[in-house]
Amino acid sequence: MLLHFFHCRKLNASRRKLGFLSCNTGNPIDDCWRCDPNWEKNRQKLADWPLGSEEPLWIIFARDMVIQLKEELIMNSFKTIDGRGASVHIANGPCITIQYVTNIIIHGINIHDCKQGGNAMVRDSPRHYGWRTISDGDGVSIFGGSHVWVDHCSLSNCHDGLIDAIHGSTAITISNNYMTHHDKVMLLGHSDSYTQDKGMQVTIAFNHFGEGLVQRMPRCMRLEGVHPTINSQGNRFLAPDDRFSKEVTKHEDAPESEWKNWNWRSEGDLMLNGAYFTPSGAGASSSYAKASSLGARPSSLVSTITSGSGALNCRKGSRC
118 MLLHFFHCRK
128 LNASRRKLGF
138 LSCNTGNPID
148 DCWRCDPNWE
158 KNRQKLADWP
168 LGSEEPLWII
178 FARDMVIQLK
188 EELIMNSFKT
198 IDGRGASVHI
208 ANGPCITIQY
218 VTNIIIHGIN
228 IHDCKQGGNA
238 MVRDSPRHYG
248 WRTISDGDGV
258 SIFGGSHVWV
268 DHCSLSNCHD
278 GLIDAIHGST
288 AITISNNYMT
298 HHDKVMLLGH
308 SDSYTQDKGM
318 QVTIAFNHFG
328 EGLVQRMPRC
338 MRLEGVHPTI
348 NSQGNRFLAP
358 DDRFSKEVTK
368 HEDAPESEWK
378 NWNWRSEGDL
388 MLNGAYFTPS
398 GAGASSSYAK
408 ASSLGARPSS
418 LVSTITSGSG
428 ALNCRKGSRC
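For what it's worth, our numbering labels the leading residue of the sequence shown as 118, then goes sequentially.
Source of the hints: derived by calculation from the structure; they are not laboratory data. Where a beta carbon is used, it is the ideal one built from N, C-alpha and C, also for glycine. Honestly, I wouldn't trust all of these hints.
[Unchecked claim] Derived Cβ-Cβ restraints for the label pairs, each shown as a range:
(1) GLN185 to GLU373: 25 to 35 Å
(2) GLY391 to ILE251: 33 to 43 Å
(3) SER204 to LYS363: 34 to 44 Å
(4) ALA356 to ARG160: 33 to 43 Å
(5) ARG160 to GLU328: 23 to 33 Å
(6) GLY316 to PRO396: 19 to 29 Å
(7) ASN236 to GLU369: 27 to 37 Å
(8) LYS158 to THR421: 23 to 33 Å
[Unchecked claim] With a cut-off of at most 35 Å between alpha-carbon atoms, the simulated DSBU-like pairs for lysine-lysine come out as follows:
(9) LYS187 to LYS162
(10) LYS433 to LYS377
(11) LYS367 to LYS433
(12) LYS187 to LYS158
Make a model of the complete structure from these sequences and hints.
Written out as structure tokens, the structure reads:
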């Protein structure tokens, strides 16, 4: 379940010659902008790298802060939350909901200790508010959303999922995030019977799945007769010491006669401490063509590429 969501626009010859905006870290998303010391003067340039927004509201922060929401922050289309230049935490209350909207960027935010909200009247636009039932308590809940980018966020310890994408959500990129201390990390797809998730496309790239995580990294739902295509490239999997927890691939509630036909492939991955990936399906096949985006970097570079994952310490006048 992969989608090429990012396109780093070509620089002119003189800027390329100077090495402008090229960190050469091997991370093609960060190489687009992090080395520019003047990032703060043109924040909207960040939107050049994913699909752009025609009429954005760009939310920035004047100082460090901890935001404790009384109810969910319900996003509207063409909105960006940009935490660069400050230490911003959304914590200890309901968190972010992206529901039936498009073109959303969440960047550089610490999201943790999220709780359930709801059973209350909640405003979802300047002109409308309505009754909300109890929310799941996700860090970022994507419900019927599309063209969503969650990048360089630090997420931990939420009531349900850290990032869940369900109910027909698609065109999602989850990149450069740092995730720790949580049980059900990431859910892609509402249920095995929800047909609108059939066309879901997601890229998960350059993230650090860290200490204290238990399961769903991610969990991909399947439908009768339809299964997710998983193309794992250049990842590093470190298994725990528990001998029953070494397998990267899990086939929940599916017999081998079914999952042996699922197109799951591992290419150039590094398996540590006995970790192993059970491939299945077509192997080297054109079935992966739509599930290919950026050319994978060698797994030996994982530490370098993900060393800046999570919310960055960006300060005005300095490279991030």
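Consistency of the hints with the structure:
no.	hint	in the structure
1	GLN185 to GLU373: 25 to 35 Å	violated (48 Å)
2	GLY391 to ILE251: 33 to 43 Å	holds (41 Å)
3	SER204 to LYS363: 34 to 44 Å	holds (37 Å)
4	ALA356 to ARG160: 33 to 43 Å	holds (40 Å)
5	ARG160 to GLU328: 23 to 33 Å	holds (32 Å)
6	GLY316 to PRO396: 19 to 29 Å	holds (24 Å)
7	ASN236 to GLU369: 27 to 37 Å	holds (31 Å)
8	LYS158 to THR421: 23 to 33 Å	holds (28 Å)
9	LYS187 to LYS162	holds (32 Å)
10	LYS433 to LYS377	violated (52 Å)
11	LYS367 to LYS433	violated (45 Å)
12	LYS187 to LYS158	holds (32 Å)
The structure shown violates the earlier hints numbered 1, 10 and 11.
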